[in-house]
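Trainee: Chain by chain, the residues:
There are 2 protein chains.
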Amino acid sequence: MSIKNILIEMKNMSELMVDLAYSAVLFNSKDAAEEVLKLENKVNSMNYEIKKESLVAARSYEDAEKLTALLEVAEAAESIANAAKDLADLVITGFKPHPVFKMVMSESDKMIVRVSVELDSDLANKTLGELLLVNRTGMRVIAIRRGDSWIYGPDKNTLILPDDTLLLKGTEAGADLLEKLASATCSLEDIPDELEEDED
Amino acid sequence: MSIKNILIEMKNMSELMVDLAYSAVLFNSKDAAEEVLKLENKVNSMNYEIKKESLVAARSYEDAEKLTALLEVAEAAESIANAAKDLADLVITGFKPHPVFKMVMSESDKMIVRVSVELDSDLANKTLGELLLVNRTGMRVIAIRRGDSWIYGPDKNTLILPDDTLLLKGTEAGADLLEKLASATCSLEDIPDELEEDED
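For the record, the sequence lines run as chains E and Y. The numbering of the first sequence is this note's numbering, which starts it at 633 and goes up by one. The numbering of the second sequence is this note's numbering, which starts it at 633 and goes up by one.
Chain E with its partners taken away, still in its complex shape (with noise of 0.2 Å):
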């Protein structure tokens, strides 16, 4: 992997382990929290490759002023994802939650949901520009785990697969449906085409 892609990478995995961690924390989900950890792993061998690589190509001082820029872009990244890891580790660990959380969950339009897409699921083998989540269920998909790999920011001519882990973020009854959808428990005809005007 390039130098380039580590990063975009590291960028990508850390932003996404935030929304995903406060969404473990508040909604108290392993779920989330264990993706979180997963990601946690990557992002710090991820920083370990910068560094290497980076000792590699440095040739002279000005290289090294470039590339010391891009260490501390990565540190930072490694920064962001650690202090994220902690909060899904309260989650792991079986923390008591304040009851403050439940308020803050109730006041948030925004939660995360992770599903997976089954064979026979009215989701797999469709491009997000054919289910129209969004107007559908008002659920955004912010990522795909596919196997060992990641797609951020998906578009509308991204491919769904049976067997991909689907991150959506929405409300909680955007996520139940969604659930259903993913399960194959109910399918795309059971429900409207739009929810109501997308302009958030």
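Read the hints as simulated data drawn from the structure, not as lab findings. Treat the hints with care, since some could be wrong.
Because identical chains cannot be distinguished in the list, a pair is counted as satisfied if it fits within a single copy or across any two copies.
[Said to hold, decoys possible] Taking lysine to aspartate or glutamate pairs in the EDC-like style, the calculated list, with each CA pair at most 20 Å apart, reads:
1) 728 <-> 822
2) 684 <-> 811
3) 788 <-> 762
4) 728 <-> 695
5) 683 <-> 641
6) 742 <-> 651
7) 683 <-> 754
Since we're looking at a predicted model, the values are computed, not measured.
Position chain Y against the provided structure of chain E, taking the given hints into account.
Mentor: Here is chain Y on its own, set in the frame of chain E:
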């Protein structure tokens, strides 16, 4: 401010800071970096408030256990904010950007822009629902700074006022357009109603 509201603010601010800080580094934007520094001060003082409130609130060991979780969440939010500040500091102190940043930037279809709404701008005194900025410009308002306070996750009923500072996320082309709209050098009539289908 109640503990609940402090926690919501810390969560929202730290998430926004991560977004802004990466944008600041990749686009070498002092504007975005300065916004991060302002937010970091607020997050630090909110963490201090939460510590004080928690110490006062603890009446029993059971209280204390729950308050510990709260303190750890606040601490993690501050760590996230600090890491974002480290990124922003690079930009403020005038770092030598590594060429890879430009490459990452040009591949990222999403950037953050900050615009000030002039009195005679077409954006002023309209709701987001009326403006349909996502459809028209590809830019989504992620936060609004009004004087010293912030509005996060505005919805279609949110009214834009003159002197508001908008933080928007979207494409580089959209950013140019928004700057023109906000500074009243271009009006809504100059741009088409719809850029492209919205299902990202």
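Trainee: If a hint holds in the structure, say so; if it doesn't, say that too.
Mentor: Results for each hint:
{"no.": "1", "hint": "728 <-> 822", "in the structure": "neither (39 Å within a copy, 55 Å between copies)"}
{"no.": "2", "hint": "684 <-> 811", "in the structure": "neither (42 Å within a copy, 41 Å between copies)"}
{"no.": "3", "hint": "788 <-> 762", "in the structure": "within (8 Å within a copy, 25 Å between copies)"}
{"no.": "4", "hint": "728 <-> 695", "in the structure": "between (49 Å within a copy, 10 Å between copies)"}
{"no.": "5", "hint": "683 <-> 641", "in the structure": "within (15 Å within a copy, 35 Å between copies)"}
{"no.": "6", "hint": "742 <-> 651", "in the structure": "both (10 Å within a copy, 17 Å between copies)"}
{"no.": "7", "hint": "683 <-> 754", "in the structure": "neither (44 Å within a copy, 48 Å between copies)"}
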